[in-house]
Amino acid sequence: MRKLALAGIMLICSIAHVLAQSRTITGKVTDEKGVPVAAASVVIKSTNNGVVTDADGRFSLTVGASDKTLVISSLNFEPLELAIDSRTSYTIQLKESVSSLDEVVVVGYQQISKANVAGAVAKVSGAEVANRPVMSFDQALTGKAAGVQVNTSSGLVGDNVIIRVRGASSISSGSQPLIVVDGVPISQGNDGQLYNPVNTLADINPNDIESVEVLKDASAAAIYGSRASAGVLLITTKKGKAGAGTLTYDGYVGVNKASRQLKVLNGDQYNTVINKMRSNAGLTSIAAHGDYNGDGQADVVNTDWQKEVYRNGMTQNHQVAISGGAGKTTYYGSLGYNDFQNYIIVNRQKRISGRLNLTAKPTTWFETGIKMQYSQTTSYGLGSGTGGALSGVPFGPLTAYPNIPIHNEDGSYYTGAGGNSPLNNTPNPVAVQELNFDTRDSRRLIGSVYGEAQLIKGLKFKSQFNIDQLSGYTDQYWDPSVGDGSGLAGLGQTVSNEKRVWSWTNTLNYVAKFNDHDINALAGAEYTRNRGMFYYAFGVSINDLLFRLIDPANYASTGVQNGNTENNGLASYFGGVNYGYKNKYIASFNVRADAYSGFGRDNRWGYFPSGALAWRISQEDFMQSIAIIRELKLRASYGITGNSNIGDFPALATFAPTQYADLPSLNLNNPGNSSLKWERTGQLDVGFDLTLRKGLHISFDYYNKKTQDLILNNPVLATLGFPGNIITENIGRLKNEGVELSLNIPVFNKKDFTWDADFNIAWNKNKVLATNDNGDDIPGGNSLVRPGHNMSSYFLIRWAGVNPANGLPTFLDVNGVRKQYDHSLPAANRWTLVSDGSITTAISAADRVLDDKKTPYPKLFGGLAQHLRYKEFDMLVDLQYSLGAYVYNNTMQNLMVYTTNRNKSEYILNAWEKNGDATDVPRLFWGDNQSAQVSTRFLEKGDFLRIRNMQLGYSLPNTLTEKIKLSRIRVYVQVQNLWTFTSYKGIDPEANANGNVNIGLGIDSFRPYLPRTFTGGVNIQF
Amino acid sequence: MKRIIFVTSTLTFLAMTGCQKKVTDEVVPNDRLSSELAFSSPQKIENAVLGAYNALQSANYLSGRALIYVDLMGEDIFDKGAFFGDLARFNMLSNNGLPATVWTAGYAAIATANRVEAGITANSSLLSAQKAKELLAECKFIRGISHFYLVNFFAQPYVFTADASHIGIPVITENFTANTPDANKPRAAVKDVYAQIISDLQAAITDLPVTYGTTYETRTRATKAAAAGLLSRVYLYQNDYPNARTTSLNIINGNYGTYALQAEPNGAFGPGKYQTSETVWSIPNNVNDNPNTNNALPQHYFPNGRGDLAISATFLNASTNPYFTADDKRRTAMLIEGTGANEGYIFTNKYPDVGTRSDWAPVIRYAEILLTYAEAAARVASGVDADAIIALNLVRDRAQVTAPSYTAADFADKQMLITAILGERRIELAFEGHRFWDIMRTKGNVANKYDNDGITILPVQNFGAEKSIMPIPQLEVDKSRGVLLQNNGY
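First to last, the sequence lines map onto chains A and B. Counting from 1, position 462 in the first sequence corresponds to residue 461 in numbering that gives the first Met the number 0; the numbering is continuous, with no gaps. Counting from 1, position 185 in the second sequence corresponds to residue 184 in numbering that gives the first Met the number 0; the numbering is continuous, with no gaps.
Possibly wrong hints are sitting among the right ones.
Stated by the list, open to error - Examples of chain B residues toward chain A, derived with CB under 10 Å: (1) Thr7; (2) Thr11; (3) Arg114; (4) Ala182; (5) Gly306; (6) Lys466; (7) Ser479.
Honestly, the hints are just simulated from the structure, not real lab data. Note that the Cβ used here is the ideal one computed from N, Cα and C, for glycine as well.
Produce the entire structure from the sequences given, and follow the hints as far as they go.
Shown next, in the form of structure tokens:
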């Protein structure tokens, strides 16, 4: 900001610098190694008179007799003041600023100067996530850090955001990273109680975030021990700085619409296609326009259900924040309001949040502070369920008959069948949304208080108590007149649920410097308790629609249930030393011991050590001559982390009370496994950080992660009779190997125009080394985990296209023999060889083939963020890309079936008609259930490049802001999800229907499109 | 200052020690019992036995879907709601989800029975010898009935080969507490599966009580009559008519308690009528414990529910259901016309409790016992059997308005009587999970079967066709590494 203002000021000055008794001085600005510093500003103190240095660091400036001091400043350097003496030529050496080299990084329970960090840590600044029209801050992390894959499952409010740091680290245990806000490990994930997902990270106001640090390698993450195998996200919220207070307002308003829409048939096309399908099979027509107004004539109706269910949603965000400090106290407070009205009618999320961060230092040896956020979030979910449910979105609008009207003549919702079509089990998509609801109100308090005492010089004891309390009330209703509600004569359900997490952290931190030795040692203990429960009530068969509380007086039957959602605890002890010698050699060692309540007593403790070495080679004398390198650090680390995302009591064989109607009963609820122990991931990381003279920064890492004793929900034979056919066992090994590269490139850096590009790319390869003793496959959806193969490789029957001679679908059997299917023949004769037409055996599950090259995990992914500034204008272009992933297009599969008369994709219009037609859509034939069976026909490449965010801003020049007594004002427009370049035909290449899983990701099955949001906003600092 | 530090650090240390316990050892479940406690009292043991019934009560099994599938594969109903996909068309793929849920639910019930059997045996000192015997007999009944439904869904009928040596299903009689390869059993021959079922049911008849403390339990837990009723059906499926006759006669003669038909057809259906003496054994449901919205019998069958299953013209028309007279009381008692979107379709009125989804699943009803006896007696006799006619009349007469009772004179020969009994059985036991298997055990073909639209007639499904039985769930075949063989045609 200061630079910006300066640029403006200098422009004015250069016009009018006519001064008497002036003389010209010249000079050269270099860094400590004598390398010229370009674009440094050289200004005469207390005046507006100044210039910037050229590419060789040279400048020339006219000074008057009264001018006493020069102020020289440049990005990454400490400002320098220099007395003007009689010399006319100056050689000025600038010192690199603390902020660039001695920037502190939060790693676990201590802060370490960035130079002394030996592990792999990526930092995303708060500005990168603030003011984005996203539903939760995690969505805004997409493409921001190398190796951190952030996948937004769909455009539905609250849908899962899948974060994978360096690939999936487990098969059936959780792979979400641990998230810590200001030292508070917070609960995350889906907290939806009924039909709609609720992302608990949406409770956090993104504009309060100062920075997000991603601890990627074992050395950085191991201090979090058992919870760190999937990486750690450390979020630091803003705090006040000593000095004058500031007041800021940030706001935006905008609209959003579906970023993409699949095309389905209109009423006329629909009638033609369905009847063609029927007549090809020798059956009577069933699709026709019906008589809806009762005049005895068929009414031509073409309803575009997508148009009816989607709208332009309104998005707005307002935040007021104060920040500052006085004496020994600093403060930051904010009040935020966010309203994300989605493009799907009724779908909406509103959040009101307040934050207060205070620190105080009443004595020289004692500091205390409190950091607290309270928020209230209301999510208006889709009333009749989401996704692929019959009345869900987008299933309903995509498959409902296009030849039926929305309303009857009298204005009521049309709920009948279409034309003379006898079947209709997709309820009126508009009616189900408008009549039903699934609303959730949640309240969340995340906070901590700490006290820190300096016991002796350098030794501090800190005790911090944390809470994360989340409570929600879900109120759901199905109207008796439509959809699922009609079968129940109306349904009301409510769920109150709570999550209470407390933790208590005590640390001793010793920081000292003796001559060339830098020591930062830590010892600590932490206790965490997670508890969650729900209280559920329902009423069936409603009496009066206007009374909706669950009350036996208003429902034919009601019921209640209480239950647990979470019940576990973790005790931890940890310690570590970070040692630096001569600012060149860095070694760090950490160890953590964790006891998790969910294991049997004998296997409860797990020990997680890690170590790292780093060499700041650029500090060596022999490097001083290499002027181009400002900083080069080589890093290597190895460590072991664990995973406790395994549920509450997986080790314990338990029986739970059940009901045999009126009779109380008791059933096995978990077969248990007393020998269950910690899952461990050993991770090697080798990398370097390089900063060049021109400001180009490169970080590179190679990692190799091996997870063993995988805690696997081992799918076992049904004949064992275990609930869900699953037993939790320590079986299998998994390997993730990859490289990450991130570049910060100052492409262009001139007074009026700057252009920075942040680019990152990651390559990850994930291989399953072993499963259980039998080497069993572990199936999940259309994918498989098989030893020796890539994680979650697709396992499908191979589609071999449509035979152009006869329009029949063809497939390859397991040996690669091409077979075709003709549904018009008697059952025994339907499968024939394409080669000679002879009758053959059917294509079946035995013909599925594992394709190692095709998995839902991208091979390469990352982002490119470009920041441009021209005078008062700034621009941001945020790109996200992903290459090499495959997506199973289950949505398309459902829209291409020949066995139902639901609406179809427009691709069906390409169906084969006559000999020689080259098409991928088989002949229309009613009842043919083979052509659209699960096969590679619907497996598609998921490569994409997404313009995730684009912003154009304008900051008022200081001359103007000063007049209106503001210190800063910026207006901007931005668009989120502007465009996705992809050949993928389904809903979205990132669509994910299966939630937070490791196997079976990448199934696109009727999840709503991502919203495209246009906003205009303003940032004001008073 | 030093003292403050000392005191503070001591207190902190103590608090930390307490905390460690609080977050580890003291974290115990409050909603379940560890397995050591599950059989630690007579009440808990009894509840565990009821847990085995609870397994049978699965939505995917005897409380709903299993009964539905047997009718859906027959010709008397059609899948108007297109809810069951390719099942009714005999055109499933091996990864179809419906067979997988049946298989899992069936073996879960078997495993539960075996688990409880082991629990009772290990803790028999807590029980009287008599009580232990009765509870073990209940386990045997549950294991027997579950094997019986599974073998009929997943294997060709007993009569498919002369000696029933064709492939059946795995027979599981052991209790497994860990993931062991012992559970990976190959499919036994159908005759061996039947042998196990018969042995379990015979033992159950010996040890089971005639009644329990409450009528509710007598109707919903295994009794001598329930085990004998099922056994008579097993014999019928084996075409072992002498045994079917003797076993059903034992019930009719009152050897296993008192059972009788209600005065009106449909007298054992609908709220308030589940516990009459016409019910031999039903799976109970109530508002809090039922198969729910997408599985319950009333949801699928009743027009105001989901109304997926409509009655076919084949069932309604005399030409294809010749014994269903125009004035048969069951036309009004057990059938109901749809309204609104369901107008023009006929549904069954046997499961009307959509509001609470509490309709019981009528697995064994006294009418079946009478008809089984009638058929077995008619088949065993050399001529037209008079006792068979009496049993048939008991069922038939309560539904007839004008038609007189049958007499021996009405039947030219024994075969005519058998045909009449089978015709009556189709009507009386309609929508209770009998039809398709009654066709199979008599080596019949499924003809005049309607597709979803209720208009299109599907091709005739001949006896012995490969896809007349469900595929072994592909996932199970995969998990068994080749031990479980897939059915032909899948």
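Results for each hint:
| no. | hint | result |
| --- | --- | --- |
| 1 | Thr7 | holds, 9 Å |
| 2 | Thr11 | holds, 6 Å |
| 3 | Arg114 | holds, 6 Å |
| 4 | Ala182 | holds, 5 Å |
| 5 | Gly306 | holds, 8 Å |
| 6 | Lys466 | holds, 7 Å |
| 7 | Ser479 | holds, 6 Å |
Going through the hint list in order, the structure satisfies each hint without exception.
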